[in-house]
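For reference, the chains in residue letters:
There are 2 protein chains.
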Amino acid sequence: MHLKSYLPILDWGRRYNRQTLASDLVAALIVTIMLIPQSLAYALLAGLPPEVGLYASVLPLIAYAIFGTSSALAVGPVAVVSLMTAAAVGRVATEGTADYASAAILLAALSGLMLLAMGLFRLGFVANFLSHPVISGFITASGLIIATSQLGGLLGIKIEGHAMPELLSSIWTHIGDINSYTLAVGVVALGLLLWIRYDLKNWLSRFGVPKDVATIMVRAGPVLVVFLTVAWSALVDLKGKGVALVGEVPQGLPLLSLPSFSLDTIQALAVPALIISIVGFVESVSVAQTLAAKRRERIEPNQELIGLGASNIAAAIGGGYPVTGGFARSVVNFDAGAVTPAAGAFTAVGIALATLLLTPFLAVLPKATLAATIVVAVLTLVDFSILRRAWSYSKADFAAVALTLLGTLGFGVETGIALGVGASILIFLYRSSRPHAAIVGQVPGTEHFRNIKRHKVDTVPGLLSIRIDESLYFANARYLEDLVVDQMAQNPGLTDVVLMCSAVNAVDMSALESLEAIEHRLRDNGIRLHLSEVKGQVMDKLKDTGFLRHLSGQVHLSQHQAIRSIVDTRNALAASVGSGPAVAAVA
Amino acid sequence: MHLKSYLPILDWGRRYNRQTLASDLVAALIVTIMLIPQSLAYALLAGLPPEVGLYASVLPLIAYAIFGTSSALAVGPVAVVSLMTAAAVGRVATEGTADYASAAILLAALSGLMLLAMGLFRLGFVANFLSHPVISGFITASGLIIATSQLGGLLGIKIEGHAMPELLSSIWTHIGDINSYTLAVGVVALGLLLWIRYDLKNWLSRFGVPKDVATIMVRAGPVLVVFLTVAWSALVDLKGKGVALVGEVPQGLPLLSLPSFSLDTIQALAVPALIISIVGFVESVSVAQTLAAKRRERIEPNQELIGLGASNIAAAIGGGYPVTGGFARSVVNFDAGAVTPAAGAFTAVGIALATLLLTPFLAVLPKATLAATIVVAVLTLVDFSILRRAWSYSKADFAAVALTLLGTLGFGVETGIALGVGASILIFLYRSSRPHAAIVGQVPGTEHFRNIKRHKVDTVPGLLSIRIDESLYFANARYLEDLVVDQMAQNPGLTDVVLMCSAVNAVDMSALESLEAIEHRLRDNGIRLHLSEVKGQVMDKLKDTGFLRHLSGQVHLSQHQAIRSIVDTRNALAASVGSGPAVAAVA
Chain S
0 MHLKSYLPIL DWGRRYNRQT LASDLVAALI VTIMLIPQSL AYALLAGLPP EVGLYASVLP
60 LIAYAIFGTS SALAVGPVAV VSLMTAAAVG RVATEGTADY ASAAILLAAL SGLMLLAMGL
120 FRLGFVANFL SHPVISGFIT ASGLIIATSQ LGGLLGIKIE GHAMPELLSS IWTHIGDINS
180 YTLAVGVVAL GLLLWIRYDL KNWLSRFGVP KDVATIMVRA GPVLVVFLTV AWSALVDLKG
240 KGVALVGEVP QGLPLLSLPS FSLDTIQALA VPALIISIVG FVESVSVAQT LAAKRRERIE
300 PNQELIGLGA SNIAAAIGGG YPVTGGFARS VVNFDAGAVT PAAGAFTAVG IALATLLLTP
360 FLAVLPKATL AATIVVAVLT LVDFSILRRA WSYSKADFAA VALTLLGTLG FGVETGIALG
420 VGASILIFLY RSSRPHAAIV GQVPGTEHFR NIKRHKVDTV PGLLSIRIDE SLYFANARYL
480 EDLVVDQMAQ NPGLTDVVLM CSAVNAVDMS ALESLEAIEH RLRDNGIRLH LSEVKGQVMD
540 KLKDTGFLRH LSGQVHLSQH QAIRSIVDTR NALAASVGSG PAVAAVA
Chain C
0 MHLKSYLPIL DWGRRYNRQT LASDLVAALI VTIMLIPQSL AYALLAGLPP EVGLYASVLP
60 LIAYAIFGTS SALAVGPVAV VSLMTAAAVG RVATEGTADY ASAAILLAAL SGLMLLAMGL
120 FRLGFVANFL SHPVISGFIT ASGLIIATSQ LGGLLGIKIE GHAMPELLSS IWTHIGDINS
180 YTLAVGVVAL GLLLWIRYDL KNWLSRFGVP KDVATIMVRA GPVLVVFLTV AWSALVDLKG
240 KGVALVGEVP QGLPLLSLPS FSLDTIQALA VPALIISIVG FVESVSVAQT LAAKRRERIE
300 PNQELIGLGA SNIAAAIGGG YPVTGGFARS VVNFDAGAVT PAAGAFTAVG IALATLLLTP
360 FLAVLPKATL AATIVVAVLT LVDFSILRRA WSYSKADFAA VALTLLGTLG FGVETGIALG
420 VGASILIFLY RSSRPHAAIV GQVPGTEHFR NIKRHKVDTV PGLLSIRIDE SLYFANARYL
480 EDLVVDQMAQ NPGLTDVVLM CSAVNAVDMS ALESLEAIEH RLRDNGIRLH LSEVKGQVMD
540 KLKDTGFLRH LSGQVHLSQH QAIRSIVDTR NALAASVGSG PAVAAVA
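In order, the protein sequence lines correspond to chains S and C. Going letter by letter, the first sequence gives residues 0 to 586 in numbering that gives the first Met the number 0. Going letter by letter, the second sequence gives residues 0 to 586 in numbering that gives the first Met the number 0.
Source of the hints: derived by calculation from the structure; they are not laboratory data. All figures in this text were calculated on a predicted structure; none of them were measured in a lab.
All copies of an identical chain are treated as equivalent in the list; a pair is satisfied when it fits inside any one copy or across any two copies.
Calculated lysine-lysine pairs in the DSBU-like style (CA-CA distance at most 35 Å, straight line):
1. K394 / K542
2. K394 / K455
3. K542 / K293
4. K540 / K452
5. K452 / K542
6. K157 / K240
7. K293 / K452
Chain S extracted, bound-state conformation (with noise of 0.2 Å):
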């Protein structure tokens, strides 16, 4: 049982059969003729040669196979985790050395054990710091910063930097060095590619195409524009031209190997790792749960970090980079068909044989088609109606996301994720730190009190309810002593104050201090102070303290109660000192 949960590969291993294997390997074709421009791709946006982004999809899927719980999830390289391992690792080495090769490994690997560590610990809640309109602000800033680096590319100039100002300054000064032949790749393979993506399909339908055999078409276009730039290349000599190819790419995979290490890079990589981990497990768990949803199957977020924790540790042994579950071709395997996480490990297969057959033809692939292929799966990503719809809900969700959108193309990703969550914790903490309060009177014919301000109530003169609404802690304690001092200013012929507690989840040892200095101010007015509706928990807390056995007043179930006793002991005070009723009785 125990085993089982941490290895789902028992649960739907057992379950396998021939019909899951047919669906299975047909996605996992289509999946692997999709990921090997991808792959090639987004190693060179990582600063490394292209191969290690295939390196990059073979043992990691086989990891996620075994450990991952998603049926549809694609884990490889992705393009925002490869602009990060590049701004990390570009830190500590220069590209194109072993040692850059070697960081990023060590990359891999560190954030391989974080993810894992996590997943055994049940940290996945730490990634809900991460809120959706700053990741989403993060992954347009993001997919700017890598269509613009690609450039580059397509131009046959050589830029550098991993944020907008360095990338807009480099692209200036080298625009005299523009290659026309790369030029001239470049805009072919970015028209074909993008007219594939959107036009292909409807022009196939139109000559009777059936649509499935036109979708797996579309699918392949990337490697069919591979083709015919490796084509075009072979042909009319472009390197002669002056065009960057990829090159020599040795045959085979790598030996396996463990990363090699010195404290300092550790150190220097430490905290780019946690973020790539964070930053990679909220998409890859993202994309997850989406699919997962549509199936109605359910994903288990602290196996999906020992999942993703695996796979980037197999990225480490393979001689790979970072790597997490992306989006484009998690659709494609769902698409596809995907029924188990093994058509991953057939995906793996497939890359694992490409990388033996297909490499003498890379050799003089152009990188700008490389580029291309970039720059058009990019492009998804850039969506700036998050800004819109933030602006129209609230104010604070929007400087979140304009704050990690500026920052990160400013400064680059990691000083923009840390703007964007640091900005959503201050204002939560902000907001927390001044709560709202409410006086409260009865809603006629009911037991429900609301916002004098807002509903027609009832309320009993020298009474006064305050709803509290905010749990009470160390950051909003003095608050609701200077609110209640104000409403007592205010209120002259004051008797009793209840506090209602419906919506205070907590009191820390700071707001138990501050209710005692409230207590204490209250009976020196002659003043009794009542509370209502504790929850469970806060009275267990409260309990244990000579708070409640202090108290001037009582503290009622519900507010209904809180209000009926008031009014019934006033009577009762004022009968026995020969009066009638002070004040009617309410409900």
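The hints should help you fit chain C onto chain S, whose structure is shown.
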């Protein structure tokens, strides 16, 4: 009106008369006598020449008298801020140099400007993030560090460091250099001071000395010890025996100056200045509020920021170092009958006179006397009971206190307080990211709904009511999604889910997306989603979105009405298809 709120002196100044003058003068005299040895001692603690303590006790008091709101707060150099000054300034300059003194002046100026800005922009709430348990742990640790650091003065050895490990190793290294004459002076001064503090009053009362006189004598005690050791030092030439004396002190006040500054030093001192500002403000305001409550007065925290800001700027102009409101001297001021901030201004005049007249005597004062003064003063800061109280109230509060205490002892004041604040915020975020939620039912005979696990309540078959005990925001939005899906799986016959939102004080954009996801999941399974007791401010937000338009169920004013309406709808439906009521109506 507006000016008056920024210049409280315009308010109390108009009501000033001979009687208040008399009270203030008496209080000022007593505080002056108390402040002289303390000011000298704290300046030494800050690594500054002793006279700087006197300079810091003149202009700041006058500035506070003009801008402050507390009638009893006595501003000046205090122990903890002096320690923090030493830690901050020690990082940019060497003790004993002119650079060191001007860095201390700059620190006061920066701190003053920050406090002023916080006051003008009404940012006083920032101080709330320094929770009471954290500040208690911090003060206790600071007291221990200060007392330990004074062993150098008491033993006549040179010790260095601003955290326990350095201090202890420094003492260990120099333990052989103890000067027995210094030790003698230190032990005598310490013994006398302790005796004066704890026994003198009883002793005097046994001789029939009136209580008031005895109290004043206890307070003047430290000055007596100063005179005694000055006499001892002069008579037997302690200097010749290797006892460290205060030495030549410039007579009179320094010329008014504006601090010189370099951008590098400002950068290095900015963070410490902010921490000193906040710690000083929190300490000062809590003293002021405690005393104000005794007289039914009110402290305006944002105006206090302005008052303390002005005091620190005055400290910089007068050649001093950061100041704040001190606990012990404020209590003395209050007990001695200070009724307006003018008492502080009179104290300033007293200190100024002392600076002019007493400096020749101070030249032969042994530093050991001042060390003893500090040790006795900080003993009151050390209070381990906060650990016990926090432990018994909540482990989370205890963790914050313990971390602050150990962090401060081990790594110094800035790291300690950063750890404490960081831990408090993380604990709060962690808690709110795993919100409590309860399945609720109706308390029989009422319209009140409570947790089915804690109360005997009625529920309706096929209808699930979930009370969410937290505001919904990015960090916990997914948690609610998981909860509802789990409940859906556990309750096969479910037709309606009511989310009781009485404790939901805000719904951010991520949470809105989660609510939409929950709605979709439930709808896919033929279950309607209802909301009840949605707060006004949350309703305002939701109204602007499509969520309410597409909601499968309804929004009900109260949970009671939600249940009634759902049951009525069911019965109507059952009646229309010809069968009897499906469920007995409740309430």
